[in-house]
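> Listed below are the residues making up each chain.
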Amino acid sequence: MTAIVNPEELAQKQIFLILVPPANMRQRNIELIKEISTLGYHMVVITTNFPYSVLIKLYSDSGIDLNKVSFIDTVTRNSIGNAENIPRVVRYVNNPANLTDLGIAVTEVLKENAGEKVCILFDSISTMLIYLSSSNISKFIHFVTNKLRLMDISGVFLAAEKGLDPMFVSQLTTFVDRVIDQDNSGG
Amino acid sequence: MTETSGDESECIEAGILENALVLIAVLDKKGRIFEWNHAAENITGYAKADVIGNTNIWKYIYPDKDYRQGLTAKIAEILATKNHFENLETTIKTRSGASRIILWNTKEIQWYGESKAIAVGIDITREKEMDAFGRSIIDNANVLMAVMAPKGKVLLWNKGAELITGYSRDDVVGNSTIWKHLYPDAEYRSTITRQITGIISEQRYFENLVTMIVTKTGERRIISWNTRQIEASGGYNEIAVGRDITEQRHAEEALLAYISEMAMRLKNPVEIIRDNLQEIAALVKEGKLTKEEMVTMLEGQVRNAKQVAANVLEFQKAIAEKNKDIPEAYRSFLSG
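Respectively, the protein sequence lines represent chains A and B. So for the first sequence, my numbering puts the first residue at 2; every next one is plus one. So for the second sequence, my numbering puts the first residue at -16; every next one is plus one.
Chain A with its partners taken away, still in its complex shape (with noise of 0.2 Å):
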């Protein structure tokens, strides 16, 4: 199977944006997980969909080392309201429009992980929408590459292809060294 995202850039900590149609969300999801870890990587996953215990399901049972992947959870304590965090494992957020708290838990965790060869995967922009408008996203995103650049860490931010507007795509596209385009690129 044809690498989502090229390894070499990967290794010059290149970020990127990859648009995937909204149906293959999830599984792009799991293979992007278990293309990135494989390769050495430990990968923290920001997610505001689905929460920390189902998805360490689905990458356990698609065979992903869960030792190297660790969680920022915006899912669950919104539901079930008290989540202890798990330290390297993961930590919680109360829900994601609050971007204060989930900009302390990405510099925490990156802290955490200091001196190991980490990725981030951000999934997915375009369920931030639902919480947030697309100038306090764009200032987010932002402020977490700036935070990547200079921690000298590569990451992905996940979004719905044909889901986000040209000028907002533009503006994510100046934060980014590469966009793939998963409809354009037969991925």
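Check before you lean on any hint, since a few could be wrong.
Unchecked claim - Below, a sample of chain B positions facing chain A; criterion: calculated Cβ distance under 8 Å:
id: 1; residue: Asp153
id: 2; residue: Asp154
id: 3; residue: Arg248
id: 4; residue: Asn251
id: 5; residue: Ile255
id: 6; residue: Asp258
id: 7; residue: Gly270
id: 8; residue: Lys271
id: 9; residue: Glu276
id: 10; residue: Thr279
id: 11; residue: Gly283
id: 12; residue: Arg286
id: 13; residue: Gln290
I should point out that these hints are in silico values taken from the structure, not numbers from a laboratory. Model, not experiment: these values are computed from the prediction. C-beta: ideal position from N, C-alpha, C; glycine also.
Given the coordinates of chain A, assemble chain B onto it according to the supplied hints.
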């Protein structure tokens, strides 16, 4: 051609005099009237019998003493250097009290063997009113209006043009430098010039050509131009009408941005919720979810749907607030 006798000639002259559509008077150097034609009677309201043989008519038609004295001085000044005057414009008062603007031309003639002056007065009141009306329209139009001679020399620059560009009539009329000020970027100016030249060579006018000008204060404004060629002595001039569409463009851009934002935050999220529910259903069928996980995921989608509903309400409220013309019942409905 048959020759005419002296009597016949006099008859013809008298016929022309009487039937002319312009005011004709014959007078001596003191202003005493010797002839007063039918048009003079019609225009002034004073009959031949009132004016022949005396100078009273001038007091009648110029009742304001200061105006009359000023006019007399002016005529005297003209006649000091030549024995006639051309295109002297005066305002007369008719017998009914109305004002008429008359354009006078005089010539020295021999009248029954004596030296007299023939004065021809054309009533230009209507033309003057039309001119004033036209000027008023040009000046009060809320658009930039300019008339240009070939090569861009500006002949007319209205108040709208002054307001939009910041450049006054005195800055602009009589030269073609304004275009360099309005389009300071040489490359852009050259592109626009090429575009205009191309269009004009094909159809002699252009419609809704949109350009970006830089005003005197450095502000950028978007102008939609329409032009027409108008005949002028020995060629054509261009009349250009420019509408400032800056605000309209900004509003259109804002509306487009707003609609796009709403599409991203309404339509696409609904599809996300649909896809998530399909995935949850598939996971349930496969027996991969505990009851607690199922509840967590379904609640997540309920929350997403609630937020989409809140976004729709926000969108409706914004529409109701922005559009003042929406009937109250609809405004109330849209405001939730």
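> All hints are to be evaluated individually against the structure, with a verdict given for each.
Do the hints match the structure? See the list:
Hint status for B:Asp153 relative to chain A: violated, with the closest Cβ pair at about 43 Å, above 8 Å. About 39 Å separates the beta-carbon of B:Asp154 from the nearest beta-carbon of chain A, more than 8 Å, and the hint is not met. A distance limit of 8 Å between C-beta atoms decides the matter here; for B:Arg248 the minimum to chain A is near 5 Å, and the interface restraint holds. At its closest, the beta carbon of B:Asn251 sits 4 Å from a beta carbon of chain A; the interface hint therefore holds under the 8 Å criterion.
At a threshold of 8 Å, the smallest CB-CB gap from B:Ile255 to chain A is about 6 Å, leaving the interface hint in force. At about 5 Å, the closest approach between the beta carbon of B:Asp258 and any beta carbon in chain A falls short of 8 Å, and the interface hint on this residue holds. Given the 8 Å rule on beta carbons, the hint for B:Gly270 is violated: about 11 Å separates it from the nearest Cβ of chain A. The interface hint given for B:Lys271 holds, since its Cβ lies 6 Å from the closest Cβ of chain A, which is under the 8 Å cut-off.
Hint status for B:Glu276 relative to chain A: holds, with the closest Cβ pair at about 5 Å, below 8 Å. The beta carbon of B:Thr279 comes within 4 Å of a beta carbon in chain A, closer than 8 Å, and the hint placing it at the interface holds. Hint status for B:Gly283: holds, given a least beta-carbon distance of 5 Å to chain A, under 8 Å. The restraint placing B:Arg286 at the interface with chain A holds, with a minimum CB-CB distance near 6 Å, inside the 8 Å limit.
Taking 8 Å as the C-beta contact cut-off toward chain A, the hint placing B:Gln290 at the interface holds, the least distance being around 5 Å.
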